[in-house]
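Residue numbers (the working numbering), protein chains in the order written: chain V, 69 to 544; chain L, 81 to 454.
Worth flagging that the hints you see were computed from the coordinates, not collected in a lab. Note that beta-carbon positions come from the ideal geometry of N, C-alpha and C, so glycine has one too. There's no promise every hint is true.
Said to hold, decoys possible - Only some residues are given here: those of chain L computed to face chain V with a beta carbon under 10 Å: (1) T106; (2) N109; (3) A110; (4) Y113; (5) Y117; (6) P122; (7) E131; (8) D132; (9) A147; (10) P243; (11) C244.
What the hints assert, rightly or not - Restraint ranges, calculated between C-beta atoms of paired labels, are given here: (12) V:G128 x L:A352: 44 to 50 Å; (13) V:G272 x L:G96: 20 to 26 Å; (14) V:M214 x L:A352: 40 to 46 Å; (15) L:P157 x V:T264: 21 to 27 Å; (16) L:E131 x V:A212: 54 to 60 Å; (17) L:P157 x V:G404: 46 to 52 Å; (18) L:A161 x V:V422: 55 to 61 Å; (19) L:R260 x V:Y388: 46 to 52 Å; (20) V:G368 x L:F266: 52 to 58 Å.
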Amino acid sequence: MITEPSWDVVVIGGGNAGLVAAMAARRHVPRVLLLERASAAMRGGNTRHTRNVRCVHDQGDDYTPGTYSFDELWRDLCAVGTGPANEQLAELTVAESATLPAWMSEHGIRWQRPLAGTLHLGRTNRFFLGGGKALVNAYHRTAAGMGVATWYEATAEDLVMDGDRAVAVTVVAGGQRRRVPGRAFVCASGGFEANTDWLRRYWGDAADSFIIRGTRDNDGKVLAALLEAGAQKAGEERGFHAVAVDARAPRFDGGIATRLDSIPFSVVVNSAGRRFYDEGQEIWPKRYAIWGSNIAGQPGQIAYSLWDAKVSRLFLPPMYGPASAPDVPALASALGLDPEAVTRTVDEYNKAVVPGGRFDPGGLDECHTDGLDPPKSHWARPLDTPPYYGIAMRPGITFTYMGIAVTADARVRTADGAFENVFAAGEIMSGNILSTGYLAGFGMTIGGVWGRIAGRGAARVASGGTSGGTSGGSDG
Amino acid sequence: MDDLPLPVDGPLPADGLFAEARRQLTICNACRYCEGYCAVFPALERRTVLEDPDITHLANLCHDCRACFTACMYAPPHEFAVNPPAVLSEVRRRTYDDYLPKLPRPPWTGLPWMRGRAGVAALAVVAAAGVAALALAVPGGGPAGSPYRVIAYPALLVLVALPCAWGVAVLAMAAARYWRQTAGSFRGLLNGRAWLAATRHAATLRYLRGGGADCSYPTDVPSAARRRLHGCVAYGFLACAGSTIAAAAEQDLAGVRPPYPVVSVPVLLGIAGGLGLMAGCAGLIWLRRRADPASSDPGMTSRDYGLLIALEILAVSGLLTLVLRQTPVYAGVLALHIAAVVTCFCMVPYTKFSHVVYRFLALVHDSAEAPGRQ
Chain V
69 MITEPSWDVV VIGGGNAGLV AAMAARRHVP RVLLLERASA AMRGGNTRHT
119 RNVRCVHDQG DDYTPGTYSF DELWRDLCAV GTGPANEQLA ELTVAESATL
169 PAWMSEHGIR WQRPLAGTLH LGRTNRFFLG GGKALVNAYH RTAAGMGVAT
219 WYEATAEDLV MDGDRAVAVT VVAGGQRRRV PGRAFVCASG GFEANTDWLR
269 RYWGDAADSF IIRGTRDNDG KVLAALLEAG AQKAGEERGF HAVAVDARAP
319 RFDGGIATRL DSIPFSVVVN SAGRRFYDEG QEIWPKRYAI WGSNIAGQPG
369 QIAYSLWDAK VSRLFLPPMY GPASAPDVPA LASALGLDPE AVTRTVDEYN
419 KAVVPGGRFD PGGLDECHTD GLDPPKSHWA RPLDTPPYYG IAMRPGITFT
469 YMGIAVTADA RVRTADGAFE NVFAAGEIMS GNILSTGYLA GFGMTIGGVW
519 GRIAGRGAAR VASGGTSGGT SGGSDG
Chain L
81 MDDLPLPVDG PLPADGLFAE ARRQLTICNA CRYCEGYCAV FPALERRTVL
131 EDPDITHLAN LCHDCRACFT ACMYAPPHEF AVNPPAVLSE VRRRTYDDYL
181 PKLPRPPWTG LPWMRGRAGV AALAVVAAAG VAALALAVPG GGPAGSPYRV
231 IAYPALLVLV ALPCAWGVAV LAMAAARYWR QTAGSFRGLL NGRAWLAATR
281 HAATLRYLRG GGADCSYPTD VPSAARRRLH GCVAYGFLAC AGSTIAAAAE
331 QDLAGVRPPY PVVSVPVLLG IAGGLGLMAG CAGLIWLRRR ADPASSDPGM
381 TSRDYGLLIA LEILAVSGLL TLVLRQTPVY AGVLALHIAA VVTCFCMVPY
431 TKFSHVVYRF LALVHDSAEA PGRQ
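Using the sequences provided together with the hints, build the complete structure.
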C-alpha cells in the first residue's frame, strides 16, 4: 500500500454533492481532493442524467416564472409518499434551497427555460443549460480553477477509523491501493442501487428485473464501510426513487431517454392485462416516481402503457419507439399480452369514462372515470382513435434512499453521537429527508444543499475548528 | 474464420448515414436537454417523423458548435454513442453536392480536397497562363500602380466576370434545389420576416454561442474564439466584395480610374477585408488543428481546410497587390491574384463555401417554421 501525502478535506464521489462539497471546502482550506470513481469521460455519477433543481424562490425570473414559497415546497414535499423522514433536516433542506440557484450561478452553472414536453415543472424547477453533464463539466472547471485536485478512476474502498475520527481513506487508483490521509472526509458516493445483491436483500428476486437508470458505480461500497464502522442507518430499506422505464432499456446508465412519461395519458395494464393503479392521480412530476414501485409490485415486474393517436404528442417520445397497431387486440398481441383480457380491460375503462369533461394536459382536469376500480382520476378519455400504441415498462431505479443518518451539520451519526470528521451529502444521506416517493428535481436540491453544508463543515474541522454549530451561515 | 467481415472503423456507408442520424436524433428527442443551445433541437422537436430531407435541414441548421456533444451523457464511450456534430457534419458533406445542378462535372471536381489538389493546381496554372497570355495579347495602359497597365480593362472584366457569373449561377441553382427538397414550396421563400430573422442570426452567428455558454470548440472549454474568427472571415469577405463594388462605382459612376489612394473607400475596405480574412482564416486553421477529431467528419475537415487555405491565398495575394503596386513585381503579383480569383470562382460551388447558401436557407426555413424565436 502506498501512503499519499495528507489532505485537508477528501471528498469521496464526484457527482453534484461531491463537487459542491469540494468547492465549498476549498473556500476555507487549501488542500482538497475529489475522488471520482469513473473516467473523466463518464464522470459525475447520477448527476450526469439530471436536468433541473427544485428550489424556493420568492421572485420569478426568466427561468422559473412565478414564485415558489417555502410553504409551498414544504407542502409538496409532505405530499409525496409518507412525507419527510426527518422533519428538521427536511425543513433545513427546503430553507437552504433558496440560496442555491445563486450559488450555482456563481460557480459556473448556466440555465435554460423549461424543456418542451416537461409539463408542470416550469414554475418550480430550474433547468440547467445542457443538463447534468454540462453542470458537472462546469463545476469541474470551476473546482479546478479554485485549486481542487481530482483523481479519476479512483475507487474509495474503506475508511480507516481511529475511534470517532477517520484518519484516512483507502483508495484503489492506478492499479494500486493507496492510503490517503486527511483531516476531514465527505462521503458523497451515492446510493447502492447498482448493487443487485444488496437490492435482493430487500426485494428478493424482483431485484433482477430492475433497470438502473444511472451509473453502474453506485454499489454502496462506502456506505457499507460506514455502516461497518458504526454509522447509524437512515431511511427505508426499500425506499428509492424509481420510475417507469422502457423494458428494452440497457441494464445501466440509460438515463432520461428511456423514461416513459406516457402514463397519465394512457391506460396501464399488467401482464394479465388488468389495470392496477390510478394513472391520473396527480400531476406527473408529483406522481411519476411511484411508478417504479408500482411496476416492481406487479407479477414479473412488468407493466404496459397503452394509448391512442389522440395523445401521442403530449409527452416526450420514447427513444425506442412504441409498438403500434390498428386496433386494441392487435396491439395486445404485438406486446405479447392476451388480446381478450386487454380488450376487456379497455372496454370496461372506455365505458367508465365520464363523457364531456374538460381535457387539459397542463393541469388537473375534469376527465375521469366513474365506477371503475381502480379509477382514473384525470386525463381519462376513451381509447378509441387508431393507431393504438403501447410499450412494455420496467422499474427504473434512479437512486436508493437507505443510507446513513446525519446531524444538522452533515456529520455522520453513530449510535451515541457522531463521527468527528466524517460528513455525508447527497444520495447517501437522502434517507434522512425522503422516505418513500419523490419530488422531481429534489435530489439535486439535497445534493446542493448538503454538499455545501458538508463541505463547509469538513473545512471547519480540517482547519482546527469545532464541528458543531449551525449549518446555515455565510459561505462568502 | 476468413469469411467473417472485419469490423471497419471509419465512415458509415452512405445508405446507413441517415439511419444513424435518425437513431441519434431520436435519442435527442427523447432527452431534449440540449434544447437551449441552438435551433437544431427545437426544430427536431417540432417533427413527428424524420424523413431524410428533415435530417438534411437539421444538419445544415447545425453550426457545429459542439456544445451538445460536450454536454451529452450519451456521447461515446456511452453505448448509445450519440454525437450529433459528427453525424450532422457528415450528412452535410454527403449532401452538399446533391443539390448542385447536374452539369457535366469539370475534371478537377472528383477528389475531396476542394475536389482534388492536382485539379486545383492545374486550374490555377491554366488561369495564370491565361492571365499572362491576355496581358500580353491585349496591352493595357494607365499610370503606374494601375491594374490596367498590366491587363486591359475589358480583358480583365471578361476574365473575372465569366467564372464569377458561372459560380453564382450554379450556387443559385443549388439553392433552389436545396429549398425545394428540404422546405417544399417556394412560397416559403417570400416570408420577409423569416429572411430578416435569418439575416440577424447569420450576421450575429447566434448559433455559435452555445445558448450563451459559448461553444465547445476547439476543446470542451467554452470559448468565443471560433465565433469571433468566423466573424473576421465573413465580414472580411464582405468588405473585400464591398471594395470591388466601390472601385467599380468610382470608375464607372464617378469616372475616377485606378490606382486609388490609400485613403479611399475601395482601398480602405480592401485593407480591412484582407486583414480580416487573413487573420480569421489563419485563426480558424489553428483552431481546426486543435479540435477534437472525434466530433468531426474527416471529409468535412479537409473541406474546411480547403476553403480556409483558398481564402487565405486570396487575402494574401490581394494585399500584396496593394503593397507592391509601385514596385517592379506588381505585374506578376497581380497576375497571381487574378489567377487565384478566377480559380476560386471556378471552384466555388464544389467547396465548403456552399455552406453559406445552405445554412442561410436552413435559417430562413427555421425562422419561418418558428416565428416565436427571436
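How the hints compare with the structure:
Given hint, T106 of chain L at the interface with chain V, holds; its Cβ is 6 Å from that chain's nearest Cβ, closer than 10 Å. A cut of 10 Å between beta carbons decides the hint on N109 of chain L: the least distance to chain V is about 6 Å, and the hint holds. For A110 of chain L, the interface hint holds, since its Cβ comes within 10 Å of a Cβ in chain V; the closest pair sits about 4 Å apart. Annotation: interface hint on Y113 of chain L holds; nearest CB of chain V at approximately 3 Å, less than 10 Å.
About 7 Å separates the beta-carbon of Y117 of chain L from the nearest beta-carbon of chain V, less than 10 Å, and the hint is met. At about 7 Å, the closest approach between the beta carbon of P122 of chain L and any beta carbon in chain V falls short of 10 Å, and the interface hint on this residue holds. Interface restraint check: E131 of chain L against chain V, minimum CB-CB distance 15 Å, threshold 10 Å, status violated. Annotation: interface hint on D132 of chain L violated; nearest CB of chain V at approximately 18 Å, more than 10 Å.
Evaluation of the A147 of chain L hint against chain V yields a held restraint, the C-beta minimum of about 7 Å falling below 10 Å. At its closest, the beta carbon of P243 of chain L sits 45 Å from a beta carbon of chain V; the interface hint therefore is violated under the 10 Å criterion. Here the hint on C244 of chain L is broken, as its CB sits about 43 Å from the closest CB of chain V, past 10 Å. A C-beta distance of roughly 46 Å is found between G128 of chain V and A352 of chain L, which places it inside the suggested range of 44 to 50 Å.
Look at G272 of chain V against G96 of chain L: about 44 Å separates their beta carbons, and that is not inside 20 to 26 Å. In this structure the hint that M214 of chain V and A352 of chain L lie 40 to 46 Å apart at CB holds, the actual value being about 42 Å. Against the hinted window of 21 to 27 Å, the Cβ-Cβ separation of P157 of chain L and T264 of chain V comes to about 23 Å, which satisfies the hint. Separation of E131 of chain L from A212 of chain V is about 44 Å and departs from the stated range, judged on CB atoms against 54 to 60 Å.
In this structure, P157 of chain L and G404 of chain V break the distance hint of 46 to 52 Å, their C-beta atoms being roughly 33 Å apart. Distance hint check for A161 of chain L and V422 of chain V: the Cβ-Cβ separation is about 47 Å, which falls outside the suggested range of 55 to 61 Å. Evaluation of the 46 to 52 Å hint for R260 of chain L and Y388 of chain V yields a failure: the beta carbon distance comes to about 33 Å. Range check, G368 of chain V to F266 of chain L: about 56 Å between beta-carbon atoms, so the 52 to 58 Å window is met.
Taken one by one, the earlier hints fail for this structure at numbers 7, 8, 10, 11, 13, 16, 17, 18 and 19, listed in ascending order.
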